[in-house]
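**Student:** Sequence:
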Amino acid sequence: MAAQQVFELPAEDRWLDSDFEEVYRVGAIDGPEWQQFGMIAGLDFDAVGNLHILDGQAARAFVVSVDGQRVREYGRAGEGPGEFEEARWIGVAADGRAVVFDWQRNGFHIFDSEGAIERLVRLPGDHSFMPGLDVEAGGTTLVPNGTVRSVSIAAALAGIRNANTRVATRPVVRLVLGDDRVRTDTIAEAWTAELAQVRFLAPNGSYRERRLTPPLLVGALPGGGVAFSDSSGYRIKLVGPDGRLERVLTRPILPKPMTDRMLTSDGRYLGSYPADTPMPAAFGPNGLLAFIETDELGVQTVVARRLTP
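When you line the sequence shown up against numbering that gives the first Met the number 0, it's residues 0 to 308, in that order.
A few of these clues could be false.
In silico SDA-like links for lysine to any residue, alpha-carbon gap of 20 Å or less [as the list claims (entries may be wrong)]:
1) Lys236 with Pro221
2) Lys236 with Gly223
3) Lys236 with Phe6
4) Lys236 with Thr191
Hints are computed from structural coordinates only; laboratory data are not their basis.
Please put together the full structure from these sequences, using the hints given.
**Tutor:** In structure tokens form, the structure reads like this:
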């Protein structure tokens with residue numbers, strides 16, 4: 000098996016201009032009825048740049064073209080196939096297939112590229128959770144992103160042991176929606192810190208705790224596989240669809256020991272990333288970004304912008 004490639008990135012940050020070009024905006028209290036959004040629960044792009052907007056209050060998803068025109072709608076309120084009781088998240092595959100998480104139904108609705116319902120895939124037991132997920136290319140597998148430990152269903156289904164158990168790794172998993180029940184596959188094993196030998200009391204028992212454990216951050220890659228942060232050594236690992244480690248991205252930045260100069264005892268804030276750079280709610284092809292803006296009356300507007308070259 001070929002060894003993975005290691006790429007060392009520049010140590011100095013490269014600052015990018017956040018003056019994004021506006022492409023279109025949809026959503027207005029006096030606009031067309033479909034644009035009178037009640038509560039936008041999620042956004043995502045397909046591979047050609049169509050934006051899917053999930054209105055949780057209206058129990059409806061709207062597809063908008065690259066020039067801001069309504070293409071179609073799918074979903075509605077109810078308890079039948081393709082009907083939402085409490086839609087809270089949407090993800091779209093490259094081919095336009097959409098996955099909507101329904102909190103009350105405790106599962107995922109899968110729609111084809113024309114908006115027809117294919118099936119409802121339920122989570123086992125009562126594991127309902129607020130997901131942070133990436134849809135993989137085929138539209139039938141999801142990768143929990145962000146801090147994996149915060150996605151309780153992924154942890155539970157992957158068999159993560161309880162907080163008292165000494166383990167050396169954390170699983171990076173995908174949720175498989177191949178039939179009527181969600182199952183998981185473990186993609187890779189990431190490093191984790193040892194449990195500190197310090198116990199603290201809680202109402203339901205005593206526990207050991209982890210100290211300064213780096214978060215496990217995960218994201219799906221467009222061609223399959225995932226990228227994830229591993230350990231405190233400023234490394235990003237890229238794993239292929241088959242689970243093989245393909246690349247490691249590093250930066251020549253050495254971790255620094257925590258001192259009183261860096262963190263004050265009274266919790267006084269010392270610094271952060273620039274606050275004037277907005278974070279999009281969805282990333283699309285060809286530099287497309289989608290933002291949710293809310294005015295003083297609580298009216299929500301979706302603004303599509305594009306990264307300038």
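**Student:** All hints, please: hold or fail.
**Tutor:** Each hint tested on the structure:
1. Lys236 with Pro221: Holds, at roughly 15 Å.
2. Lys236 with Gly223: holds (14 Å)
3. Lys236 with Phe6: holds (10 Å)
4. Lys236 with Thr191: Answer holds: Lys236 to Thr191 is near 14 Å, not above 20 Å.
In summary, this structure violates none of the numbered hints.
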